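*Asks:* If you want the building blocks of each chain, they are given just below.
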Amino acid sequence: MLERGLEEKTYVLNLGPQHPSTHGVLRVELEMEGEFIIKADPDIGYGHRGHEHMAENRTYAQFLPNMGRVDYLHALAYNQCYCMGVEKLLELQVPERAEYIRVITAELNRLTSHFLWVGAYLMDLGAFTPFLYCFDDREQVLDLLDYLTGSRLTYCFYRFGGVPVDIDDDFTAGCRKFIQRLRGRWVDYDNLVTKNVIFIHRTRDVGVITQEQCIKYGLTGPMVRGSGIPYDIRKSEPYSAYPAFDFEIPIGERGDVMDRYLVRMREMEQSLRIIEQALDKLPAGPIMAEKIPKRLKPAAGEVYAAVETARGEFGCYIVSAGDTKPYRIKLRVPSFGNLSILPEIAVDTLVADLVAILGSIDVVVPEIDR
Amino acid sequence: MGMLAGVIGVVTLVAVNALFLIWMERKVSAHMQLRPGPMEVGWHGAIQTVADALKLMGKELITPKDVDRWVYLAAPIVVFLPVLLSFLVIPFSQSLVIRDMNVGVLLILAFAALTVLAVLMAGWASNNKYSVFGAIRSVAQNIAYEIPLLITLMSIIIMVGSLSLVDIVNAQSQYWFVLVQPVAFILYLTCATAETNRAPFDLPEAESELVAGFHTEYSGMRFALFFLAEYTNMFIVAAVATVFFLGGWQGPFLPGIVWFFLKVYFVIFIIMWFRWTFPRVRFDQLITFAWKILIPLAFANLIITAFIMKLR
Amino acid sequence: MLRDNIQKALAPLQLEQVAVGDYAKTGCHLDATAAPEQMPAVAEALLSLGCFLESLTCLHYPEHFTLVYHFANFQELCRLAVHVKVPFDQEAPSISHIYPGANWYEREAYDLYGIRFTGHPDLRRILLPFDADFHPLLKKFGESPADA
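Chains as they are written, first to last, in my numbering: chain R, 1 to 370; chain D, 371 to 682; chain V, 683 to 830.
What the hints contain is simulated information worked out from the structure, not anything from laboratory work. As the structure is a computational prediction, the values presented were derived from the model and not from experiment. C-beta atoms are modelled at their ideal positions from N, C-alpha and C, and glycine is treated no differently. One or more of the hints may lead you astray.
[Claimed, not checked] Which residues of chain R face chain V? A partial, calculated answer using Cβ under 10 Å:
| hint | residue |
| --- | --- |
| 1 | H48 |
| 2 | E52 |
| 3 | G85 |
| 4 | L219 |
| 5 | E237 |
| 6 | A306 |
| 7 | Y317 |
| 8 | L339 |
| 9 | D369 |
| 10 | R370 |
[Said to hold, decoys possible] Some chain D residues well away from chain R (every beta-carbon gap over 12 Å; in silico):
| hint | residue |
| --- | --- |
| 11 | A385 |
| 12 | I417 |
| 13 | Q418 |
| 14 | K435 |
| 15 | D436 |
| 16 | V437 |
| 17 | W440 |
| 18 | A444 |
| 19 | S465 |
| 20 | R469 |
| 21 | L479 |
| 22 | Y545 |
| 23 | G626 |
| 24 | I627 |
[To be verified] No more than 27 Å apart at the CA atoms, straight line, and that leaves these computed lysine-lysine pairs for DSSO-like:
| hint | chain 1 | residue 1 | chain 2 | residue 2 |
| --- | --- | --- | --- | --- |
| 25 | R | K88 | R | K294 |
| 26 | R | K235 | V | K707 |
| 27 | V | K690 | R | K216 |
| 28 | V | K767 | R | K88 |
| 29 | R | K88 | V | K707 |
| 30 | V | K707 | R | K325 |
For reference, chain R alone in the conformation it holds in the complex (with noise of 0.2 Å):
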């Protein structure tokens, strides 16, 4: 805990752990002089669920359910970590189409994710509308990923060698039609946000990251393409289906609020050129790898995937012990590095800064207190 300021000038305000803007609870324990920040201490854990410790005491398959509940907006890139590590640990091989099931519901995840991200970040910073345009989006792909799923939001879509559902003519059309409409709609958001002066001047210049500090907090995503630093793990370390598409990595030069909004709008329409190329190029086959063995027992080892999700990115590190429980699963989840910078870009801002920092860093707390 922060000690008081014993002068009188400094005083100590919290931002949470319920507050309109903390995107979870999270509470921020803030040393101000007036409207100045001094000092900025997260404090985290209200949502302490004890994943790892699940994962523990239950079987491989039993813990599945546990991913989407991790981080809830991109729910199916975290299923998509776990079957790949426990894959790895199998010796499964995972049929093509398959791979490119997941992807195609992978991207449109992060479409849904990045979309609230835009809507409740604006409204953070007070501008009402662009959250109802972000959710009328969202709420197509939600329809989409609804119909061949069965759940909107924490997902449970992929098994160990596949996944369990096909994807057919109605999902196809439905998402080319869902791509043209929302690619007339850049314009709309252009003009509403990216243009608007209150705006740039609200995030041009405002929490800027350098490249140094990237690499000594291990910060990933966005936060470090925002910077200039083009690592994204479907590039650098591909994995799934990825490398049979073409896409490119938005990055940014400053390093600032704007340019970490600008990377995430730019990375919406990456997604749907990927989603675009893998309905065009889907190959026919089997969607379930064919020997799954009934009792999961893999060899002792460890493993560790990771994947990009939206705000990062997501690693699973798994050790067996050659049991049907795992001995231990760490997941390292972007928002924990993510926030721990807050304390330091924090120093000397305003709060009406802090809430537009601490939305550009895009946290999903529950991911942070697992």
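Since the structure of chain R is provided, determine the placement of chains D and V on it from the hints.
*Replies:* Frame of chain R; chains D and V shown alone:
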């Protein structure tokens, strides 16, 4: 007798206006956000506000423990009364004005300043850091934006030569002042939005930063009074805009009072439009904008107006 | 090649083991084992090569803790896993003065396992309430057989 009728008329107007404006705000915001808004209660949700008001009246009046009791209780009243009194001088049509004082504008501006006091009272008495924050921001904001507001209005007053609102309307019989003073109109609208604490200048009640700013600790009917005061203030500010720039009650065919209300609600619509389009400015940007941009512009406008009037 | 550079940089530190890993099976290109005191030097060597700390995991074994550090690099793909055995009553050295990102990871390891880090500026609980008196992820060895 006429005075009494006027006062009763004004109180009724204030109540009905608030009901109407809240419904209008919800509908305008809804349609700008691609959704229909209240549709259930009454025709297109017209009676929704009445239902909400009844609900608010039934809410428990929670007084937090360590508040400064009399200041806390007085703040909603102090915020509402000056706004109500400003109605004394507004000319609704050539014959409908409760009291045409020859310092009408001065009265309105003086009472507008009193609302700042009420906000400060509310924020301070609530014994809550967020409320104090909101109150301090509001004081700084209101003081900063009152100056360009005054100077802008002075440009019009120079042209007319009188502080009485009826005189100002009568002086626009040939052409409306918005045509000769467009810069002043835009300046006035900006300052008016800031004076009424509306977005993008709604920092005192910035929802996402300060929970609810200076009225965080108010619930039920007390909160409703703040709300009422805000909408009534909007009406006053739009009425002043109508009187000063849009020709007041003047217009063909329809009776004066109808024109007056149409113009007032048009200006209110523009103010609402601002809210749903722009994000919030940051506090230092807000103050910089007022002191470094609006005040010089307003002064320049005043000097040019004075020159031209002298040359005539 | 980054992998060779890392091996070259780690060679003078005389770690217990630095071996090429089977990436397809384990996801790591290099596997190393180090003693606790060597960790800060390892961290400095890797920082100079531009690697970032990807993850810090603690494992509870019957005889000792094992800290597993994963390092990766933005420029070139090469994941290094460093295993450090820490006996129970011993403290591990903190690398948070080299990698500030390790600060929170070390607090988490302390919170969940009770392992302490010397030189950590602010070693307090991060996930559990500050007055909790237990470390949740410690295994209870010998209590019940671990099978399905």
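*Asks:* Hints broken by the structure, by number, lowest first?
*Replies:* none
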